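Enquirer: In order, the protein sequence lines correspond to chains A and B.
So in our numbering, spot 59 of the first sequence is number 59, and the numbers just go up one at a time.
So in our numbering, spot 229 of the second sequence is number 229, and the numbers just go up one at a time.
This list has only true hints and no planted wrong ones.
With a Cα cut of at most 16 Å, we get these calculated EDC-like pairs of lysine to aspartate or glutamate:
1. Lys-24(B) with Asp-39(A)
2. Lys-75(B) with Asp-95(B)
3. Lys-20(B) with Asp-37(A)
Treat the hints as calculated values from the structure; they're not laboratory data.
As the structure is a computational prediction, the values presented were derived from the model and not from experiment.
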Amino acid sequence: MVKRAANKKIAATMENFRTGFVFHESLNASFLAELFDGDTSYAETVFEDFLRDLPVYWDRVEAAYDNKNLPVLGTSVHTCKTLFGYVGFTDLQDLCQQFENKCSVSTVEELRLDYIRLIQRKERAQNIIEKEYDRLRKFNESNG
Amino acid sequence: MKLSCIIVEDIQIAADFLRKFCEKSDLVEVKGHFLNVVDALDFLDREKVDLLFLDVEMPGATGFDLLDSLTYSPKIILTTSKTEYAFDAFQYHVDDYLKKPFTYKRFQEAIEKLQQKVAAAASAPAAPQPAIAAADTDFLFIKAEDKLIKLKKDDILFLESMRDYVKFVTQGKNYVTYSTLKNMEEKLVGPNFLKVHRSYIVNITKIDDIRGNTIYLLGNQIPIGKGHKDEVAARLNIL
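Bound conformation, chain A alone (with noise of 0.2 Å):
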């Protein structure tokens, strides 16, 4: 299993040199590497999809939260999870599900530090993309 994550890290460095962009350490360049087959543009636009699409399921991530109401807040979470997985936060996804897990188990108050932490973490998401979609727009801007 180590061996096949180190060859993925290889394959995604190659990818990289190929195409020129190196994807932010966050992100999961290996997958990222797979999703896009090189094409940049397709990442760009991907990119400003989720900068225009988070914050209104997060709107209704907040929402359900405020109301208590846990299976929204479950349900809301999840699209946020799948949004996460196609820029590359393999990880945050994770965190997302954990966290809907959580959701039909537990009462608001005992979600709260998980909550924090997920904001935290959303936000801390948010400007990487944001700058990775800005490098992305000079990088194919500059190669045409």
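Dock chain B against chain A, hints included.
Expert: Below, chain B alone, put in the same frame as chain A:
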């Protein structure tokens, strides 16, 4: 030959990836993308497609609700980010299960597997074998195990659809015959048999009890489909 499909998915990024993969493969033609089950069913009332890419969790009804409401049997590929639905996928006999986000390679594997299934079905005998029975007899014959088997209707607990086959579960033994549940529904007219789910017909005289949306009969659990609840309640005189 290209498969026609629709995408039922409420997350635009996920739907866009799927559409892109379909175009890239040149094996699947996307006839439409729907954000919810109701709009998808409206479309399917007008136009049939070969394949559904179906998300599970969507606003309003779920992907499984759509499956309960289908009036025909297209190929189904479930797309979801939850592995917990794998068991339900098996129960609904879906053709494949793609965990989001999935790569083009994974998508390609699913489509190629599906194409092989379609090709195999096309080279199989054209017409499903009907059961040979008169509606007013207490038995029927089914073709199974390379022979015609006589089944007493009273021995039958329930029938389960398995795509192009039907499994007869009896008190003694199970039998699988190449036929459709719809065909069996036409043969099992009478007060004792009731379709409770798109994939199940039960012998109501064998029901032990009903808890929630599940029928229990002799150790077996049969789901009641959402589209069948009213009829089940009426037939079983549930107050």
